[in-house]
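S.K.: Construct the complete structure from the given sequences, taking the supplied hints into account.
Just so we're on the same page, the numbering used here is the position in the sequence shown counted from 1, plus 17.
The reader is advised that the hints may include incorrect statements.
What follows is a set of in silico ranges between Cβ atoms, one per label pair, in the way DEER data are often shown [said to hold, decoys possible]: (1) Leu289 <-> Met66: 38 to 44 Å; (2) Leu222 <-> Val335: 32 to 38 Å; (3) Ala354 <-> Leu428: 29 to 35 Å; (4) Val152 <-> Leu326: 38 to 44 Å; (5) Pro199 <-> Leu326: 24 to 30 Å; (6) Ala354 <-> Ala240: 19 to 25 Å; (7) Thr391 <-> Leu314: 56 to 62 Å; (8) Val38 <-> Gly432: 34 to 40 Å; (9) Phe206 <-> Gln23: 32 to 38 Å; (10) Met66 <-> Arg238: 42 to 48 Å; (11) Val33 <-> Phe206: 39 to 45 Å.
Since the hints were made in silico from the structure, they are not lab data.
What you are looking at is a predicted structure, and each value in this text was computed from that prediction instead of being measured.
Cβ atoms here follow ideal geometry from the backbone N, Cα and C, with glycine treated the same way.
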Amino acid sequence: MMGYLQRLTQDLDRWVEAGLVDGGKRAAILADAARPRRGASALGALTIMGAVLLGLSALTFIGANWEMIPRLLRFGLMLGLLWTCLLATGQAFKRDAKTLGHALALLGVVLFGAAIMLTAQTFNMTSFRNTAVLVWAVAGGLTAWQVGSRPVLILATGLGALWAGLEAGNVHVPGTVWAYLPVAAASAFLAVRMRSLVSVHLVSLALAIWTAHALYVWQDRHAVGALETQSAAILAFAALALAGSALRDRNITGAGIVAGWMTLITLFAALLIQIPLDGHLSAHDTSDGIGYGALALPALAVIALLCVLRVIAGRLKVWEAGSLFATALAIGALPVALGGEPDAAPLVLRMLVGGLIYSACVALILIGSRQSATTLRTIGIIGFVAQTLYVYAETFEGLLDTALFFFLGGLLLFGASFVLWQVDKRRSSTDRPFDDASAGGRS
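M.R.: Written out as structure tokens, the structure reads:
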């Protein structure tokens, strides 16, 4: 809160000086900003957790005495608990007791899922346990949509991801769990409509895990090598990262979160792909490349298309888009270039890949700085530092080499700071004529 007030104070001073805000309203704005806001409080959290624990207590009691209770009475108890919760939820929202309403809605969804599980246990329907989780997730999503409850949506999103994980580990469901895509799309739609950033995080992580599992299945079916799988993973996540960035350009809620997670995974995978290039590549790590090309070429086409569209929209500079695409192209071409190499990649190729990763990190830093995207800028800095540490570990030995490394690193960082300073200076110079003209118009 203090950091926000300090930043707001600085912004207000700048806006007052530029004539954008009346100086007489500065104190009133700061006083209003310092006023405590009623949001997610400890009372609300305790209410929600208490309601869930009460429901779990009732269900545990029923489960413990399940065999002693007649079947008709079992269903009556379950339906009674569910309808009581739903009616109480409606009354709570009607009386503007939103915290209690969210807690009761969450409790109702928990009771619904537990009722499904206990009923399946009664009739020995264990083969449909994963489907029951999906039904539970759908019911939770519908409840969240109906009552507008973010806690219920978070639960439903997590249940959808849990169902996909259970199906991925199910021996009776071979291959990729394609049915999760509409579930993820519905969860993302509700998260955007209800502005639930926690749900967006969950969908992003679940989609990343689903993509990794799909690549694992693809590798097993097409008998591709480890290097090809790594390259394909980088291209797939890079395409997802650019797609999330394109949605963020349209001010879609949570799109920046998706772009951030996918960019982080892409950069991490790009750093790891240098390891098999350093003398750890064996002949059995490569294949004929037919299956690899069927995935890599469409991914490269999507990356190129998104880069071009973002350049046309003015969100990327030409050299930034070129740097990102060149890095993707080089990584995508690695399995083809090393098709005949039995042991290790040539030094020139390793240096080329490392240099392109550096350029991509610098591009991320500059893009994040220009677009005020703190997450993107931070990921670029982390990647730059990680790549530098990797180069140091692979190249330099001894104190003299370490001193040379730090000297070169200092020069690089000073150069990067100079470039950032030039970018900020150019942006300020383009904004100043508009401010001066506006001030002249007001005078």
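S.K.: Given a hint of 34 to 40 Å, does the C-beta separation of Val38 and Gly432 actually sit inside it?
M.R.: holds (37 Å)
S.K.: Confirm or reject the claim that Val33 and Phe206 have a C-beta distance inside 39 to 45 Å.
M.R.: Once the Cβ atoms are compared, 41 Å apart, the range 39 to 45 Å for Phe206 and Val33 holds.
S.K.: Regarding Leu222 and Val335, is the given constraint of 32 to 38 Å on their beta-carbon distance met?
M.R.: For Val335 against Leu222, whose Cβ atoms are near 33 Å apart, the range 32 to 38 Å holds.
S.K.: Between the beta carbons of Ala354 and Leu428, is the distance compatible with 29 to 35 Å?
M.R.: holds (31 Å)
S.K.: Determine whether the Cβ-Cβ distance between Thr391 and Leu314 falls within the hinted range of 56 to 62 Å.
M.R.: violated (34 Å)
S.K.: Is the hinted range of 38 to 44 Å satisfied by the C-beta distance from Val152 to Leu326?
M.R.: Taking Cβ atoms as reference, Val152 and Leu326 lie about 39 Å apart, which means the hint holds.
S.K.: Does the Cβ pair Met66, Arg238 satisfy 42 to 48 Å?
M.R.: holds (45 Å)
S.K.: For the pair Pro199 and Leu326, does the Cβ-Cβ distance stay inside 24 to 30 Å?
M.R.: holds (25 Å)
S.K.: Does the hinted range 38 to 44 Å hold for Leu289 and Met66 at CB?
M.R.: Given a distance of about 39 Å, which is inside 38 to 44 Å, the answer is holds.
S.K.: If you check the beta carbons of Phe206 and Gln23, does the distance land in 32 to 38 Å?
M.R.: holds (37 Å)
S.K.: Between Ala354 and Ala240, does the C-beta distance stay in 19 to 25 Å?
M.R.: Holds - the Cβ-Cβ distance for Ala354 and Ala240, about 20 Å, lies within 19 to 25 Å.
Checked against the numbered hints given earlier, this structure breaks only hint 7.
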